[in-house]
Each structure stands twice: as structure tokens, then as C-alpha cells.
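Listed in order, the protein sequences are those of chains E and A.
Start counting at 1 in the first sequence, then tack on 513, and there's your number in the working numbering.
Start counting at 1 in the second sequence, then tack on 6, and there's your number in the working numbering.
Any given hint could be a false lead.
[To be verified] Derived DMTMM-like pairs: lysine to aspartate or glutamate, alpha-carbon spacing no greater than 25 Å straight-line:
1. Lys581(E) with Glu109(A)
2. Lys555(E) with Asp13(A)
3. Lys571(E) with Glu109(A)
4. Lys63(A) with Glu592(E)
5. Lys555(E) with Glu74(A)
6. Lys550(E) with Glu50(A)
7. Lys581(E) with Glu552(E)
8. Lys584(E) with Glu518(E)
9. Lys63(A) with Asp92(A)
10. Lys555(E) with Glu84(A)
11. Lys555(E) with Asp92(A)
12. Lys550(E) with Asp13(A)
13. Lys621(E) with Asp92(A)
14. Lys535(E) with Glu109(A)
15. Lys555(E) with Asp69(A)
16. Lys17(A) with Glu552(E)
17. Lys550(E) with Asp30(A)
18. Lys581(E) with Glu50(A)
19. Lys17(A) with Asp92(A)
20. Lys621(E) with Glu50(A)
21. Lys621(E) with Glu74(A)
22. Lys550(E) with Glu518(E)
23. Lys621(E) with Glu109(A)
24. Lys77(A) with Asp615(E)
25. Lys621(E) with Glu34(A)
26. Lys584(E) with Glu50(A)
27. Lys535(E) with Glu50(A)
28. Lys621(E) with Glu89(A)
29. Lys63(A) with Asp572(E)
30. Lys550(E) with Glu109(A)
31. Lys621(E) with Glu62(A)
32. Lys570(E) with Glu109(A)
33. Lys555(E) with Glu518(E)
34. Lys584(E) with Glu109(A)
[What the hints assert, rightly or not] Take a look, some chain A residues computed to stay more than 12 Å from chain E by CB distance:
35. Gly22
36. Arg37
37. Glu58
38. Lys77
39. Glu84
40. Arg87
Hint data in this document are derived by calculation from the structure and do not stem from the laboratory.
Quick reminder that beta carbons are idealized off the backbone N, C-alpha and C, glycines included.
If you want the building blocks of each chain, they are given just below.
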Amino acid sequence: GENVEQHPSTLSVQEGDSAVIKCTYSDSASNYFPWYKQELGKGPQLIIDIRSNVGEKKDQRIAVTLNKTAKHFSLHITETQPEDSAVYFCAASLSYSGGGADGLTFGKGTHLIIQP
Amino acid sequence: DTGVSQDPRHKITKRGQNVTFRCDPISEHNRLYWYRQTLGQGPEFLTYFQNEAQLEKSRLLSDRFSAERPKGSFSTLEIQRTEQGDSAMYLCASSLRLAGYNEQFFGPGTRLTVL
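Just chain E, same shape as in the assembly (with noise of 0.2 Å):
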């Protein structure tokens, strides 16, 4: 089955500065690659996706980008402010053509603070 890393576990940077988080899976097969932001006794929160026919996208502050050779993807924020500061998961899954993902695997998250 699919497996995520995740790195890093834990990232401080300056309110201002940007943010990277990155992500590896293992099966060559998965085609779409969704972030979530949680905050704390919430839910999980779909903040950006990207599929395996876009090298990159954009919204805002925040962008992800996918690398399908090396099997990596990433979420980049800049100008990050205090709200940013959340645990961050991405996630990899198999989307058939006709629509519809199948259960998503995560990465295990990273704690991004925002530092004032």
C-alpha cells in the first residue's frame, strides 16, 4: 500500500517569512496529493490539492508543487502569519478518471509556528 513521509516534524519561522513542508510516497500510481491545515479539536481542513497532471499550483500565499519522478511533493506558504501557525498533513491517493478518490494516506503532520 501507499506510504507518506513527511518532513519536518516541527518548523518555527518568523511571522513574514515562508514555510516549506515536504512530502515523499511510495506508490507511483497515486495521482492526487491533497493538504489539510488542522487546528486543534478541529477537524482537518482542505487548504490546497494538486493532481499528477500539474507540476504546480497557486492560491495566494499558499502554493504546492510535484515532483513525479522523485515522488515528492511540497506546500509552500510565504508571508506566513500568526493564523498559519496549525499542524499541517499531506495526503496521497488513487483518483480513477471517473471521479471520486479512495481513502486518503496521510503523512504524520508537521507543527508549524509562527513565530511574532
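Keeping the supplied structure of chain E fixed, place chain A upon it in accordance with the hints.
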């Protein structure tokens, strides 16, 4: 609020008791997923439904666990003869199965504590 809802939010039970959790997905979503999350870990996939059909079950879903989605709307997850190792957050997610749409949206979870 039209997001995924779960009930109860917290459940404390004694070892050996049965518990049941409910998930109400986003109304037009036809796929519903169950995950389990332990402290400091990412969610782990348990099972999912498309409408009322249960399409996949993880090896994590032991015989003590059963999930249903009888009318293709809400779902229940039952754990029989609970064990301390079942203590975790149980998360539900839903998605709309259409070409190009894969996003899974999560509910707030049910935190189970087995004493």
C-alpha cells in the same frame, strides 16, 4: 452550517461497552469516508461508501467495527466490545464523485476515550 457534522463530539466509555457514532455529510455528496486519528498522527483510512454501498475497508477495520449508510445519506460507525486501544478521534469526510472532483471535506470528529 452546511458542512460535515458528527455526533457526539466526545464519548467516554468503559472497556467492553459498545459505542455508535453518527456522521451527516454535506447534503449533495455521495461519498462518505471514515478515518481514525490518534494523538500526534495523521488520520488513518478505515472505510468508505458510495451512496449506500461500502466499497472499501481497511485492514484497520477489525471485526469489532461496523459501518453503515442505509439510505445513502448519514452514516453510523459502531465499535463493539471497546478496548483501550480504540481511544482516538474518529473523523468523517464526504466528497462528490464527479469527474475531476476529488476533494474530501472533514467533520469536526468524535473523540472516543475508553477507560
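Now for the hints, and whether the structure bears them out:
| no. | hint | result |
| --- | --- | --- |
| 1 | Lys581(E) with Glu109(A) | 20 Å, holds |
| 2 | Lys555(E) with Asp13(A) | 14 Å, holds |
| 3 | Lys571(E) with Glu109(A) | 16 Å, holds |
| 4 | Lys63(A) with Glu592(E) | 41 Å, violated |
| 5 | Lys555(E) with Glu74(A) | 24 Å, holds |
| 6 | Lys550(E) with Glu50(A) | 16 Å, holds |
| 7 | Lys581(E) with Glu552(E) | 29 Å, violated |
| 8 | Lys584(E) with Glu518(E) | 11 Å, holds |
| 9 | Lys63(A) with Asp92(A) | 17 Å, holds |
| 10 | Lys555(E) with Glu84(A) | 22 Å, holds |
| 11 | Lys555(E) with Asp92(A) | 19 Å, holds |
| 12 | Lys550(E) with Asp13(A) | 22 Å, holds |
| 13 | Lys621(E) with Asp92(A) | 19 Å, holds |
| 14 | Lys535(E) with Glu109(A) | 20 Å, holds |
| 15 | Lys555(E) with Asp69(A) | 28 Å, violated |
| 16 | Lys17(A) with Glu552(E) | 20 Å, holds |
| 17 | Lys550(E) with Asp30(A) | 21 Å, holds |
| 18 | Lys581(E) with Glu50(A) | 23 Å, holds |
| 19 | Lys17(A) with Asp92(A) | 12 Å, holds |
| 20 | Lys621(E) with Glu50(A) | 10 Å, holds |
| 21 | Lys621(E) with Glu74(A) | 28 Å, violated |
| 22 | Lys550(E) with Glu518(E) | 17 Å, holds |
| 23 | Lys621(E) with Glu109(A) | 20 Å, holds |
| 24 | Lys77(A) with Asp615(E) | 21 Å, holds |
| 25 | Lys621(E) with Glu34(A) | 31 Å, violated |
| 26 | Lys584(E) with Glu50(A) | 21 Å, holds |
| 27 | Lys535(E) with Glu50(A) | 19 Å, holds |
| 28 | Lys621(E) with Glu89(A) | 24 Å, holds |
| 29 | Lys63(A) with Asp572(E) | 34 Å, violated |
| 30 | Lys550(E) with Glu109(A) | 14 Å, holds |
| 31 | Lys621(E) with Glu62(A) | 23 Å, holds |
| 32 | Lys570(E) with Glu109(A) | 15 Å, holds |
| 33 | Lys555(E) with Glu518(E) | 23 Å, holds |
| 34 | Lys584(E) with Glu109(A) | 21 Å, holds |
| 35 | Gly22 | 28 Å, holds |
| 36 | Arg37 | 6 Å, violated |
| 37 | Glu58 | 15 Å, holds |
| 38 | Lys77 | 19 Å, holds |
| 39 | Glu84 | 19 Å, holds |
| 40 | Arg87 | 25 Å, holds |
The structure is inconsistent with the numbered hints 4, 7, 15, 21, 25, 29, 36, although it conforms to all the rest.
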